[in-house]
Amino acid sequence: MTSLPSLPTPKKLGLVIDLDTCVGCHACVVNCKEWNTGGYGAALSDQDPYGATVSGAWLNRVHSFEMIPDGEVVGEAGEARIVHFPKSCLHCEAAPCVTVCPTGASYKRADDGIVLVEEDMCIGCGLCAWACPYGAREMDLAAGVMKKCTLCIDRIYNETLEEVDRTPACVRTCPANARHFGDLGDPDSEVSKLVAERGGIDLMPEQGTLPVNKYLPPRQRQPLSASAGLLEEYMLKEDAGDATGFFGWLDKMLDRI
Amino acid sequence: MHPASSIILFTTLSGLGYGLAMMLGLGLLDPAHMATKVAHVLALALISAGLLSSTAHLGNPQRAWRALSQWRSSWLSREGVMAIATFVPLTWSAWLAVIEGRYFWLPGLLGAAMSLVTVFCTAMIYASLKSVQAWHTRLTPACYLLFAIAGGLVLTVFLAACSGALTPPLAVGAVVALAAAWTVKVKWRARLQEAGPLSTPESATGLGGIGRVRLFERPHMTENYLTREMGFRVGRKHAAKLWKIAVALGAVLPCVLLLVLGMWGLGGVAGASLAALALLAFVTGLLAERWLFFAEARHAVMNYYGG
Amino acid sequence: MKPRERVALSRPVADEVRKTTCYMCACRCGINVHIKDGKIRYIEGNRDHPVNKGVLCAKGSAGIMQHYAPARLRAPLKRVGPRGSGQFQEISWEEALSTATQWLGAVRADDPKKLAFFTGRDQSQSLTGFWAQQFGTPNYAAHGGFCSVNMAAAGIMTIGGAFWEFGAPDWERTKLFVMFGVAEDHDSNPIKMGIAKLKKRGARFVSVNPIRTGYSAVADNWIGIRPGTDGLLILSVVHELLKARRIDVDYLVRYTNASWLVIDAPGTAEHGLFARDGEGRALIHETVTEQVVPFGSKGARAALSGRVRLDDGRFAVPSFQLLAEKYLDDKYAPEAIAAETGVSSQVIRGLAAEIARVAFEEEIFIEQPWTDMNGQRHQGYVGRPVSFHAMRGLSAHSNGFQTTRALHMLQVLIGAVDCPGGFRFEPPYPKPLSAHPTPHGKAEHFGSNTPLAGPHLGFPRGPEDLLIDEDGQPARIDKAFSWDAPIAAHGMMHMVVANAHAGDPYPIDVLFMYMANMAWNSSMNTAGTIRMLEDKDEATGEYRIPRIIYSDAYASEMVAYADLVLPDTTYLERHDCISLLDRPISEPDAVQDAIRWPVLEPDRDVRPFQTVLLDIGARLNLPGFSDGHGRALYKDYADYIVRHERRPGIGPLAGFRGSNGDREGRGAANRRQLQRYIENGSFFSAHIPMEAQFFKHANQAYQDFAVRMGFFDTPQPVTFQLYQEVLQKFRLSAEGLREPLAPETHRERILQAFDPLPDWYRPLGEALVDQREYPCHALTQRPAAMYHSWGSMNAWLRQIHTRNPLYVPGPICDELGLKDGDWAWVRSHHGSIKVEVARMEAVNASTLWTWNAIGKRAGAWALDKDSPEARKGFLLNHLIAELLPPREDGMRLSNSDPVTGQAAWYDLRVRIEKADSSLVSDPQFPPLAQPEAEPRPDELRYGQEWAQ
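Protein chains in written order, with full-length UniProt numbering: chain A, 1 to 257; chain B, 1 to 307; chain C, 1 to 948.
Wrong hints could be hidden among the right ones.
What the hints assert, rightly or not - Below are the DSS-like pairs computed for lysine-lysine, each with C-alpha atoms no more than 30 Å apart in a straight line:
#1 Lys252/A - Lys298/C
#2 Lys200/C - Lys53/C
#3 Lys298/C - Lys237/A
#4 Lys11/A - Lys36/C
Claimed, not checked - Residues of chain A clear of chain B, computed beta-carbon distances all greater than 12 Å:
#5 Thr53
#6 Asn60
#7 Ala105
#8 Cys132
#9 Asn158
#10 Ser189
#11 Glu206
#12 Glu232
#13 Thr244
#14 Gly245
If you're looking for bench data, these hints aren't it; they were derived computationally from the structure.
Even glycine gets a Cβ: it sits at the ideal position worked out from N, Cα and C.
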């Protein structure tokens, strides 16, 4: 139903995405497309696939952002950097896309919190895509229905797959291990522990959507220049000097072998 | 947001239709007059045209009936239910006026009230979206309701002028409604321009701690559904110009013409022409206002698309 | 009604899973191809596969769209319009094959060198090379010369192995990983998986790269170096390590030529060469007995410094003394090189300090007794957990050979080659230089209807092995192994079209190419190359390159320039072998190879190129392909893979040999071999015993294993060559001291580039242009979601990279008033391009860059001629000349590394100017007519028939 299930759902299945590890390779993007274009619901169509205005429906996309530290750019610490940013449905607890749906096609599953579209009921009004601040929903222009990440519901419960493969296609294929799947409602799950350890965050908390998916921010970096002093310590200990001094040291070393 | 002509037409036409229906429901026009009969048919036609044009953007219009099911939670569903329900008193009133040439307060007042609620539901579809900050305010339904009333009055003035029944209070009433609508609209737009963004690339990515965040590369190089639907961005200069046109045509010109009509009580062809001009100006201004309503609204998702 | 109950949760994915090997790039991952109703339902990574362990990248995941792309060629084609028009007529295979046989047969009888056979992204080089050798032309190579031969040559000549795909960091144990100049490349999934492992363990990852995307974006530290100066940075780190005494002296004495005595006899033909005994063994100075004895003498305590008098009265010093003296010089001090590299001295010191700290204070010890080649028993493996990886950023410069040598020297100095936590060899590497062939192709090596005397490619041991005639003129069409590029170990494919067009060193009759887009992104000076392919001899009206045979699966730009097109299958429709004879997929712990097999049958009149090559070989009666009476020895490539033997018991595949399929490495051919591979997931893996896993270059157990597996017939240990004597021999030739003498025109260049110790010089392409006129660098990076030009015909991948902007550093944008979406002219000494720009801050301040090979020619790849790829996409290739600017004497040499002939793509210097807004990039070319391709749909709904 369009109304949200009573919260919290017993399970909160979702993804944890590690921004410290994602190299922006788009593996998850394309693997998602190929799994889902023959899977749940209508195919993910592509319009003008070999033409000038090629475009298609995708359930997961990788954006790239550049961060420019404030103030003058000096040395390593102040340098600009790139973060690759995969994004798909966050399966929000307070999913605004669900409550706006006029037909009941959009719903959040009471058992596991997955947000789904019942495509036979979807009229393709697009309002749910408007309601989602994350851009997680894309209309399939050929079928006229709204498509979104199903968390690979036809994989994670699929008893014809080996247990180890009952995970979303994006997670299984990610070469950089930047995507993790699990129950974020269970504080002892691997994903919950990751979120706790790494300070996982919500996207746009101000929208009040209570996303289930979490993002792990890039880890703190230690600049290389901070180690420069160490080398000077080594040199002082070894009475640096010129080549002659070096060969003297070398002879001592050879004696020890 | 992309200013889709189907939706602009829908809100403009149905707003006018419901506004007119309200005035008819209040019995502001002589039910026996030919123009009133036309007005009833016109109101229904405008509402129907609006509704039809709104289904034009559906991916699966054959399933549109399903949209009536979720009235408990969805403003779009409520709007659909109300729109259909409102047809009952409006058709009843229209029947009485067209066939029997009389006004009956029960369907009239009921129709007026339900029209108001329907317009409110339409407005709430937009106002309920937190993802579109510009729309997410009580001022949005206020604007929609006041524009519907003002539009209904301008249309009523025109029809009254056509039937030679224009009274100064009606014209002044229209001016007052126009003034009220545009005053609220000015506030609405000031809020849009003054409020800092609710969501930013920093909050959208959670990366603000590292520095200022800007999009480096879009996920795909060509436009997609999201950028076509929500990535529309009107130029600042273009918007300012269009706003001036909207105000000039939608507010200033009709007010001046209506005041002229009201003060001098012009009748006949001249009065009807002036009223027609006022109506035309208002509708054009309103279309510009509606276009800007979408075009100036920024969707939160554009934080991910550099828009 | 509760809708959720209507979700079918347990639908079987497909009817059948067929396991094969991916070919969407050079990574060669295992894939599970799920087949439903005879179509591909889904392609995923094979969890059991040693390369990718289940993961799969964007390209691999887009295999469906590659397989069904409308750009697939459908039948053999004969050109009917002028070259470049794209006008073809479909012909039968019989006509195609007899035409090819006729052209090639005439050449073979007349003068075999008039065939130039070059293959591009070929994964069957052991077959194509063998074919060319049997044909007898000296003119064969794959595309390594414009790819990354500097990596291979420098690695093999220094440590007997290379980064590339011949070794890998010890991802499980390394604690500091430093990567130079790597965007997406070979080993793309293993690198991503490796980085994830490092991140999980908290190991440090430093990336040296002018551009901070991809891997560099997640690195703990990014060093945004100025292109072409990595060598200086590395030598400065070496300088600091020497000064800080953080080197592994024990390792140097045992495993390197540090102690080898270098003759000090200036002005003689042996100056700078190693002192050797009568048996050719290098000599060392034994300090206890004060004797000069051969390296490897039991119990000898070798000196690493000190001048010593040899028996013949000449003086010599250990090579390490020369090394230490060279790099202790203050010209390598961080302060001295900071300006040139754009890296602050504190960062260089910090890098050196971290390398030193991790190597020597975080040492690993694995208890595992092993025996070295001198018979000495060790209690375990000492690991210095610092590892390195490098690719194009080093190798695509004209100083890339020396820079890569410098990096290997750094690894060796800290004792971090093939140790736990360091860089580890992947079998069949390490392999010493002496185990590689010398090149063949001199006049005495070939003749009419005769096979070439030996393999085309190899490593010259000195100028005497060059492929030149008495006048010093090149014997090969690409001038590989000539004075221009003496150690061009992979040939120089990028010079073939230009040289053949110019008839320099001689004209050819037939150019035969496979999977190489020379009429577009694979050539420098693309517009010029197109003109050369189209150019006719005014006197005869014939094309200057008279006949071009080309094989490809797709309607690439090059297809339009062929006279005869042999359509290949897709990678899912053919047999292939990823062979230990060629470029295997081994891991440091295991010997591995793999196959592809037709998981789908072709639905067009196409044939696998390898099978076609076997057919042509048989028709030409080539030994090894025909029984001498015109009968083919092999039915098809699958038959060849199983039955061909290079040496007795050694064939293309190492697994499941012997009549029972139970032999590994060596064994008789097994008729069921391919079946066994398929049953095993299309790969074979043999684990290396633990006592053989490290220090393979000097590990007796490993060497025995290598012999058992058939890599070698006798043990081939490697002594790391920090000082490279081969290079010194070329210098002696250039000094006029050693025969054959280098020509005057090349002497200065050889003296500069052939330093026997790793060295840095300014890239040639940069040194010859005015740096004030061209103040910027311009580079390309390979995107992770597109493999070279192979991807624009793929409806999914092309949405990710539909066009390519030029990324411009923020300060340059500010200076020129450039905003995203503005247009700019980029000009080099060679040409100009007009392109759309985008701003970027996380990039070296003088470096402009774009994604590689996204721009396409209108009409190619079965795309609409108004596609963004053609309208807005662009190539940097138009700015890069295949020749360097003229020197003072007017001579123009190849734009390549002077040692290896590696194409110097990244030497490019440019300037940028704001341009008027535009709708199309410049230059534009007339649209190609499209060969009769499959219909191009307006909409794709792949998999709709399976929708629930």
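Quick one: which hint numbers does this structure break? Sort them smallest to largest. 3, 4, 5, 6, 7, 8, 11
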